[in-house]
Structures are given as structure tokens and as C-alpha cells.
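Which chain is which? The protein sequence lines are C and S, in order.
FYI, in our numbering the residues of the first sequence are 1 to 613.
FYI, in our numbering the residues of the second sequence are 1 to 214.
Keep in mind that the hints were calculated from the coordinates and are not lab data.
Fair warning: this is a prediction, and the values are worked out from it, not measured in the lab.
Here a beta-carbon is modelled for each residue, glycine too, at the ideal position from N, C-alpha and C.
A couple of the hints might just be wrong.
These stretches of chain S come out as covered by chain C in the derived footprint (C-beta under 8 Å, 3 or more residues) [stated by the list, open to error]: (1) 76-83; (2) 132-143; (3) 177-190; (4) 196-208.
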Amino acid sequence: MTRDPGGSWLRVAGALGVPALLVLTALAAAGGGGRRGILEGFPGLEELRRWLSRAYVESQTSGGFGDYPLENLDVATLHQTHAALEIIGQVGPGAVQSPAATLSWVASLRKSGGMYDDPGTNAPILLETLWAVSVVRVLAGPALEVDQTAGALMAALEAALILESRSDGCATAHLSDAALAAAALERLLGSVFLQTAPQLATSREIAASLVGRLRSGPDGGTWRSLEGERDALLARVLACLLGSGTPRVASDILSQDLAALEGTQSDLPPESVVRALLDTCCLVWGWRDLPQRIQSSLQSYLAATLHRCGADGAYAWSNPWGVWVDPALNADRAALYAMAGDENPGTPALSRALDRLACHLGWSSLIQAIPGPDYTYFGVRLCSALGGCGGDETKLAAGARATLGDPASSAQDLLYGFRTLVALGLWEGADRAALVGRLEEWPPDDVHRDIYWLAPLHAEAAIAPARDARQALIATAFELTSGEGFPQMAQLRLLAYIVTLVGEDAGASEREIVRWVLALSTEDGGFRWSLGSSSPDLPSTYCAAELLALLGALGEARCDAMAAFVATCWREPGFLPLRPADIPRGEEFAIDLFTTYMGLQVLELLAAERPSA
Amino acid sequence: MRSTICVIVCLLLAYAACPAWAVSSESRGINTVLLFGGPKDLGLVEMDAGARVASARPTSRVALPIKMKTLTATKSTPYGNSYVRTYFSSDVEIGLTCAWAEITYGTTTTTWDGTAPQCKSSRIRLDELWAFNGWCVTVSIPSGGGFSSSAKTVSWTGEDVSGDHWAMRHIYSGIRASACLWLTSIRQSSNGSHYFETENDWVSANASRGISTF
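Chain S with its partners taken away, still in its complex shape (with noise of 0.2 Å):
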């Protein structure tokens, strides 16, 4: 039994090798936005296009154990006869080491559902900001249109200003931090706004959810 237990030991020390990602400050990722103006009866009937993107999905380089989570968040705010609404779905890897961690695959939704005082937005905002809290943290963000980052943060933001539409879909990857040694927490937060010109109001709903890493 001892022997079985050393190799445990020394399979395990596997773990202690991050995985050698060149920090970089843009990484190749799915950034892509998905505008719906059709019959809000028929709900997002442009899904399919999100399904074909999905399907795209890249799948973890990381052959080591990793660590698997999906953050998750709703929130809506009640205007005029229905809701402006925003929702998020992040897939999360997060290394054994806690060293590092990448947004694998998330989609930001953000709707107006209602037809009253308008049935279309005139304009619709999508922000969104990754957190990342750990020791030394670097980060690197997508290429594409509308990413920035900070020490620890990464941010995305879009516009739709045409006036035709009722939802924005933003679809991405490849969101990233390192860490000199750990990560303890990540947290997205998405804030979907929506202008209403014949009232000449924004209205919010700004969802959020962090996790733990370990």
C-alpha cells in the first residue's frame, strides 16, 4: 500500500505545473454579437445562429485536471407593460493549481420584452467586466472589436444604436487570467441598457454572479 500511496504522491505532483500559456495581451476567442428584431412572439428566433456559433465552441488544450464551473446570472428590471432583462451563461476552467482560469464559452443576452412605451429600443448597451481577485494577476482578452482590460479586470462593451432591434447576444471566449500563484474568486457582471426615446429613459438590469476557485 505504501508503494501505491508514493505513486499517488508523485502523479499528483503533476499538478504542480501551470499549464505554459504565453501570456499575451489578446488571445485568439469567439467574440462575435447577435442583434434580434423580429416578432417578439417568436422569442429569439435567431438562436440557430447562436447554436451555429456554439457548435464552434473550442474545446480545453488542458489535458491536467482542471477545474470545471458555469457562472450563471439573471436579472430584470420592470418598465413600461413588460421587463428589460439581462442574462448571462460563462463557462469556466479553472486550473488545479489555481493559478489560472478562462472563460471557455459564455453567452450575454439583454432583452426588452415588452411593446409599450415602444416596441423596439432605440439604443441598446451591453457592458460587461470580468474580475478576476488573485495574487499578480495578468489577463488577456479576445482580438475583436470592444474588449479592453485592466490589472484585473477585463471589459466588453456594444452598442446597437440603429433603433430596429429588441435584444443583443453577445457571444465569446477566451477570456483569461494568470496568476503568479492563486486565483481565489472571479465574478462577471453584465449590465444590458436600453433607451427608450419616446420616454427618454435608460433602463437597466444588471446581473452578476462570482465563484469561488477553491
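The following block holds chain C by itself, in its conformation from the complex (with noise of 0.2 Å):
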């Protein structure tokens, strides 16, 4: 038998047109059986190494990998970018990939009255406007056009503070939410956009009263409600509403600021405390021109706190898998360290996290998935694929061996533990050893519910369980009642399986299950799932590669045909399911880690076949 290195797959490159021939050339080049460049030529292989590494999670012990569809992680929201732009701003960690897009996308969420709406999140709107306008005012400059947005906030601010001066009066002047967001808005607009607005001098005539009537006493000098952090909070709002023209009042809300900062029972002050007495000096003061009794408890806190954060200097998620640094709860504190002038211990973790979270928008929320066995397989054999996507082999043994050491594991979990560790090139007798306990004493009672999983363990030479065990699983499929009709794909599967458990002697059978794959291929080199199916599909295509290549009857299917056929299914940066060409109206398929693994799957099993082809 010679070797054809490329040829027959350049043949048939040829006729299926340039992003078809990327793809044949490159699984040409992998010379048949080499995992690595399996994927070369693909357009959009670093997007899928990113993406990769963002499904990619750790504990100190252990590694896996999630399964996060793409849509969820390249979303940006309106929250996490405005953080990763005050970080930025603050720190420098990290750079905006492109501002122009940024706008672009802050403008496509505007809606009509001006406030703006970010899809999939439960802010209110009119928090979601303050952070628009914030990445605006980061990006964009005062030059921004805003008058409708700013027309929206000017009637919000004076709608909530005259509704709260009609209900709460002088007496208890409390503000609602709304009242503070749209104060803290309009701050913000005053200070970017609107210096001269007339609609920004007259909310500020309304803020200016309301600040007298909560102020008493024959000068005004006191506050006649701060007990309660809220009143603080109104108080503080107000103020940075009258700006830099209002010394004394900045000067009381700070000495009640920092009482309440000094006076806190907790182990860690309310950030809210920490956040106003920033705000408010930033508004009033310079640092340099803060009394020296403020810088240092500004500094004892920053210190004091540190533990709160984890081994990085930094907030994060948490679950059993690891922690991961998330910039939205991270901006008030990296202002801070900002603001004092000293170094932030958290910039480096919080440099690696907007890297990870930035996408072509923005950033988008941190939402990580907990890994599992099955795709924690799939991405370390993308990974191998790609040559590599950061994660650490070591834990990744660890979690797999941990799976396999585990009384929970499902069988489904055992096998993909198993293959990981195969993968990997760590399976060890240890392993095995465990392996093996494990499928013999399998309780009777759940090999019929687990079959599917088992057989593909029990079929596996590198663990081999003792032939009693094996004739249990055999027995199981005698007890099954019968049927009738074509079997479909995922019963081929199994029941090559089976065949191949039961021995030496199921040729005519193993020819038959053969038989029927092959009656599922289509002229385009796919597989259906049944024969009612109406156009193949790549599940299917997976399906029918491995059974076939369990039977060794690989290739007696049209193998040309049928990588081109995978290679139809890539849309960046992964494998559909589907040719987008056979996707049906108003169905929507998310790629993820197990249907692109579905594609270098048949791929690679074809590079194997290829030169006995």
C-alpha cells in the first residue's frame, strides 16, 4: 500500500471551490493520523483557541473545560464594559480593541425616547443608561451628540425628585432608586456633556432645594436626616449635583462618610461607604488636597480589605472549580487604589480577566460554566487539535482521575474520564486499576439504564473488565424487548458496540450493521439519522464515522465525499450541526465544544483511514 499524501483530497478540493479546498489541504497536510493541523486552514482557528480558553476553568487541584455555546460568551453587556473601561482608564491593564464598534454598538441598544436597553440582563433601564453614557464618555469625548438621551434623563431626574417631594416632604426625604440613578446620571451628563444646558440648570435648582430642605439648624449647617447609610447616599448625590460650589457641603458629607467608615462593625465596610467618600472627593477635592486623616483611612481600608479578595488582589466568582476575576466587581476598588496614587495588587489578575472577557463590542459578563467529563474530552482533544489553548495537562489528569475515583460518576462520565486520560497520554495501570473496579461492580440493576454507556467502556481494550462483567452487559440486551422499523443512528451505534463485545464470532452481523450505516449516507457524503431523514446531518456523520471505524469498515464509505461534506458544516469558529444550507427557517444551532469536537472527529478518523483508502 503506498501513500497518497494529499492527493485524493486536493481531487476533490478541486470541485467543491476555495473554502472547501482550505479545508482538504489542510487535512492533507495532516498526513494522515497527525491530530495536530487536523484544523489547519480553517478561517477563524483563533477565535476557536480563544474561545477554547475562555471554556477552559481551573481549581488549585484540577482542570476541565465547560461548555459554553459561543453566543453567550461574545454578547457584550452594557455593565461589564462600562467596568473594563473605568478599569482601564484607572489602571491601563488592557486596551480597547476598537472604540469605533464599541459606539456603534452602544448606539444600536439606544432606544426611542433615548434611554437605552441592554437585552438579556435585569437592570433597570435606567442603569443601563448610565453605563452607556459612561463607555460613551470614556470612548467618545464631550463631543458626542446626546441631546435625546440627555432630554430622557433631564425629564427622569425631575419626574422622580418632584415625586418624591410631593410624598416624602421635608420630614423623611428619601429618594427613590430612580431618583438616584437619574441624579447620578445627570452628574454625569453635567460633567461631560451638558455644562451648559439649560435643562442641567434647572434639575439642578431642584437638587439644590431639595439639599436645603434636608439641611437645618439656623445656618444650615447640619444634615437633618444623615443616620441611615441611604440618607448618606441622597445627601452625597445631591452634593456632587451642586459640584465644586459647595465646599462646606462636601465637607459635612465627608466627616459622615467617614464616621461611617471608622464606625463599621463589619469586616469589611459597605463598598457603598468606601464609593461615596471617593465620589465625593473627586468631585470636591484633588487627592493631594484631602486632610491627611482621610487619605490614611482611604489607604487603612484599601489595606485592611485586601484579604476579602482572593489569592490575586482581586473580587471573583467562585464554585467548587476555582475563582475568576470579574471587572464589574472590581471598578470602585481599582478606583480607589487610582485615586491614592498606589499600586493595585489585583492589576495583573484583573489585566488577565479583561483579556479574557473582551470580544469585537465590548466585554461580556462572566458567566462560567462548571465543567463536566464529557466536555472537558472534547476540549482537550480541540485543544490537541489546535496545538494547544492554555490548558494545564496536569490538572486536567487530575479532574479526570477524580471523575473516575468518584462513588457519583455516571457511566457516561467514566468514559469520558477514561478517554481524557487517554487523550492526554496519562491513562496509567492505577487507572485502570480503579477503572475496572468500578464497571465489575456495576450494580445489575443499572446496566439496563446505563447500556448505552457502557458498552463503548466495555469495548475498550485498554481497560478490559473481566468477561463475567462483559456477559452481564450481553445479558442486558437479551432482556430488552423487541421492535420493529429501521434502527436509527444512535441504536447503530450501540449496537456495533455490542457485536464487537460479543467476539470473534459476530462477522455476519457486524456486515449487516455495515449494511445499514451505509444505506444512511447520502450522495453528498453525509449520513442521515434514519431513513425518514431528509438531508444529513453532521450528529449522524459522527455516528456512522465511528461505528464504522469500530467495525473497520470505514473505508467502504465515500470518505472524499464525506469530509467534504464535515467541512460544509464549519461556520466560524466551529462545527454546526447543520450545512447552514440545510438549517430550516426559524431554527437556530448553537455551535459548541461537542459539535465542533463532532467535526475533527470524522475528520480525524478519515486522515487515519486515508491511506488505506
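Please dock the two separately framed chains into a single complex, following the hints provided.
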């Protein structure tokens, strides 16, 4: 048998057009079985690598991959983008990929009336508008036209303030959440866009009136109601509305906030108290002008609360698999460090987090999946095909071994834990002993339920459980009730494993299975799930390739056409379960690690088969 | 031996028939919400109530082999002097043909574990989403409040605005999906949000996990 390095693939590719040519040229370059390079030539591989790096998570002891559909990762949110830009502005750990694209995206979120809405979040639209305007302020500066938004915000602010005035009067003086948000927005707008706008003057008059009513005493020098943090927040916001023209008001507020900071009973003073200090200081004084005791208090706060952060000095999400730094949790703290001029120990972690969450339009929210054995295996295989994507092999192996040793692991978990260790080249005798022990003690009552995953486990030569255990599996198959009809691909796949388990006399049945599978192939090289299916799809083609390879019959398929079909399912940065042209109107399919792995697995099996094809 | 194989082949054909479910917009199932407001050092003391509900958990109506999986996830967000947490555990049955799946029993809990800035949450909101990736998917949802569905997703939202609680637990079953041909994956995302009025803060913990089906 002579090797034909790429010749047959290229002949097919020539008839398929440029994209397929790239794909098949890459396939040929794989050299008949090498994993690295199998995806070379596919467009968008860098994005696939980035996607995989996001799906990889690890704790101190183990690592794995979650499933994350791409659309969940690449959707920028106003909140996260606002926080990221705030941090970048303060500590400069990253850069904005495309300011124009981000601005255009933010503009697309503007609703009629000038407010902004960020689909997929539950935040009030007023806050989303605040974040949107903040992003615009950072990226575009004061030249941006925001008249409509400003008008809407002014109206919201005035309505809220007037409403509060009517409902609460001077005695209680509480502001609604809407009023607080509107006031913060007004401050932001006033500081950037509308320094001379007549609406600003109007709202300031309203705010000044409220401040006046909040203050009491002959000279108005004391606050009527500042016992609660909420009232302190109200006073601060209103004072901010009045800007630097009211240093005495600001001084009072600072004293109140400082007392709150020093008098707090918990080990972590409420972040809002610190934020209040920050806001007031920034608006009224510069850091150098602050009283020394206030500077010291803020620096003490930063030092005293460092232990609340993770080991890398930044606030983070956590779950049993580890911790992930979230920029949105760290914006205020980063601002404090920046103002104090101190080195922020969380900067490196924040920089990594920003890189991880950056997408074309802005920054996405941190939605981190819990890894599973199945997606870990898919991720390991895809990373291998890409020549690596940052996963720690030692931790991946530790995660797989933890799966094998976990009594709660399902048969599917064990199968993929095993496959992960094999894929990493770290399958060892002790692993086999542990897995064989599990399989041989599998509860007989559960064999029926778990047969789909147990069959491939028993069929693995590297595991080879005791023959008695295999016989129990086969016996279970006999207990199943009979039925009629042409088998679907999933049944054929299981059937192939069962037949393999039975042994050397299974040749005739193997031929029957192969004929059934080949009957599901289509003219364009793919396979259907059943005879009733109208078009081929990737899951069916993946099942067909695996079971034909298992039965040593992959060479009987039209391998060139099969590879060409798989190539047409590619849509950056992974494989869709259908060819894009076959997707019915109204149907949507997610590209995830599993569907992408399916495409890779078919191509690898075909590449391994190619020398004998 | 050949006859043995033929028998196996015939018997396994039984899998070809999917469970004969009548796909409908609503199905019978558990849909219960528990709220917790007692002393935190005693934990979720009303878990006994949850256990009673669990004892009524339905068993599979499918006699043929199925694939059993469990979706579990936990997420914590630091806030104040402790954490906002969300965690879930859902039992999933998947048809051998990969053409259907059902959440047969699950619980999702979101808690505020701290005492500062306040001991109880002013509001608690739980948003849950089950997404089924497959061809020509139809979903059915349990009857009762809070559930809604679109083409390939089922969602549920519950909210407590009393200000008297620090944890919410959702117990559910009967979330189903059927596909014309196959389902490739199922994912659950549960986002627990707590509002702290004294700070004017919403704090969320979003737990998420996906599984493959074959």
C-alpha cells in the first residue's frame, strides 16, 4: 500500500471551491492521522482557540472544560463594558479593541426616547443608560451628540425629584432608586456633555432645593437626616449635583462618610460608603488636597480589605472548580487605588480577566460553566488539534482521575474521564485498576439504564474488564423487548459496540450493521439519522464514522465526500450540526464544544483511514 | 453465535421507537417555591419541607433504557461580609435515541449568607433557563406559575419582595424536550439575584452547566 499524501483530498477539493479547498488541503497536510494540523486552513481558528481558553476552568487541584455556546460568550454587556473601561482608565491594564465598533454597538442599544436597554439583563433601564453614557464618555469624549438621551434623563430626574418631594416632603426626604440613578446620570451628563444646557440648570435648582430642605439649623450647617447610609448616599449625590461650588456641603458629607467607615462593625465596610468617599473627594477635592486623616483612612481601608479578595488581589466569582476575576466587581476598588496613587495588587489579575472577557464590541459578562467530563474530553481533543490552548495537562488529568474515583460519576462520566486520560497520554495502570473495579461492581439493576455508555467502556481494550461483567452487559441486551423498524443511528452505534463485545463470531452481524449504516449515507457524503430524514447532518455523520471505524469498515464509505460534507458544516469558529444551507427557516443551532468536536473526530478518523482508502 | 447476534440486533431495534409522548404546551410536574427566613446559623431549616416534596418525586414512565445524567452547578459572588450563592442539581433522563429529554426532578437554591449590610434580602429573584440544542425541538413545561417557553428553551422566574427572607428554593420537574431527530446537548443556567435596599445594590450569582447527550 502506498501513501498518497493529500492527492485524493485535493482532487475532491478542486470541485468544491475555495473554502473547501482550504479545508481539504489542511486535511491532507495532516499526513494521515496526525492530530495537530487537522484543522489547519479552517478560517477563524484563533477565535476557536480563544473560545476554548474561555471554556477552560481550573481550581487549585484540577481543571476541565465547560460547554459554553459561543453566543453566550461573545455578547457584550453594558455593565461589563462600563466596568472594564473604568478599570482601563484607572490602571491601564488593557486596550479597547475597536472603539468605533463599541460606540456603534452602544448606539444600536438606544431606544426611542433616548434611553438604553441591554437585552438579557434585569437591570433597570435607567442604570443601563448610565453605563451606556459612561462608555460613550470614555470612548468618544464630550463631542458626542446626546441631546435626546440628555432630555430623557432630565425628564426622568425631574419627575423623580418632584415625585419624591410630593410624597415624602421635607421630614423624611428619601429618594427612590430611580431618583438616585437619575441623579447620578445627571451628574455624569453634566460633567461631560451638558455643562451649559438649560436643563442642567433646572435640575440643579431642584437638587439645591432638596439639599436645602435636608439641612437644618439656623445656618443650615447640619443634616436633618443622615443617620442612615441611604440618606448619606442621597446627600452625597445631591451635593455632587451642585459640584465644587459647595465645599462646605462636601466637607459635611465627608465627615459623615468617614465616621461611617471608621465605625463599621463588620470586617468589610460597605463598599458604597467607600464609594461615597471616593465620589465626593473626586468631585470636590483632589487627592493631595484631602485632609491627611481621610487619605490615611482610605489607604487603611484598602489594606484592611485586601484579604477579602482572592489570592491575586481582586474580587472574583467562585465555585467548586475555582475562582474567576470579574471586572464589574473591581471597578470601584481599582478607582480607589488609582486615586490614592498606590499600586493595585489586583492589576495583573484584572488585566487577564479583561483579556479573557474582551469581545469585538466590548466586554462580555462573566458566565462561567462548571466543567464536565464530556466537555473536558471534547476540549482536550480540540486543544490538541489546535496545538494547545492554555489548559494545564496535569490539572486536566487530576480532574479526570477525580471523575474516575467519584462514586457519583455516571457511566458517561467514566467513559469521558477515561478518554481524557488516554487523550492526554496519561492513562496508567492504577487508573485502569480503579475503572475496572467500578465496572465489575456496577449494580446489575443499573446496567439496563446505563448500557449506552457501558458498552463502549467494556469495548475498550485498554480497560478490559472481567468477562463476567461483559456477559452481564450482553445478557441485559437479551432482556430488552423487541421492536420493528429500521434502526436509527444511535441504535446502530450501540449495536456496533454490543456486537464488538460478543466477539470473533460476530462477522455476519457486523456486515449487517455496516450495510445499514451505509444505507443512511447520502449523495453529498453525509449521513442521515434515519431513513426518514430528509438531509444529512453532522451528528449522524459523526456516529457513522465512529461505528464504521469501530467495525473496520470506514474505508467502505465515500471518505472524500464525507470529509467534504463535514467541511461544509464549518462556520467560524466551529462546526454546526447542520450545513448552514440545510438549516430550516426559524431554526437556530448553537456551535459548542460538542458539535465542534464531532467535526474534528470525523476528520481525524478519515485522516487515519486515508492511507488505506 | 450468529443467532445470538441476530437476537441482539432485533432486540435493540426496540430502541427505535421514542416514548409516545403527546407534546403539549404544559405537563404535570412539580413546581414549588420555598422561602427561608429563619436564623442563618441553623441553615436552610425548611429543607425538611423540601425533602417531603422530594419524596413525591416521580419515577420514569419510560420502560426502555434511558440515559441518566445529573446537572449540577454552584456559583458564589462575594458581597458585604459573605456571599450570594446559587446552586442547582437536576436529574435528566435522555432517550436512547437522543430524541427526547426530561428534567425529572431538580432543585435550585439561591441564598444570601451574610449579615452585613443587612441580614435579609430586600428582594430575591431567581431566573432559570433550560436550553435544548437539537433539530426541530419542541418543549413542554410544567403547569403552574412562572414557566414560559420559546422554541428551544424553557424559562422560569420567581421573585420574593417581602424583605423577610434570605434564601429561595425552586423545586421542579416535568421540563421536557422532544426533537424530530436528535438533541445534542442540554444546559441549565440559574441566576439568583438579591437586592439590598440599604446599599441600593443588586448582587447576582449565575450558575450554569451543560451536558452532551451521546
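Here is what the structure says about each hint:
no., hint, in the structure
1, 76-83, "holds (count 6)"
2, 132-143, "holds (count 3)"
3, 177-190, "holds (count 6)"
4, 196-208, "holds (count 10)"
Checked against the numbered hints given earlier, this structure breaks none of them.
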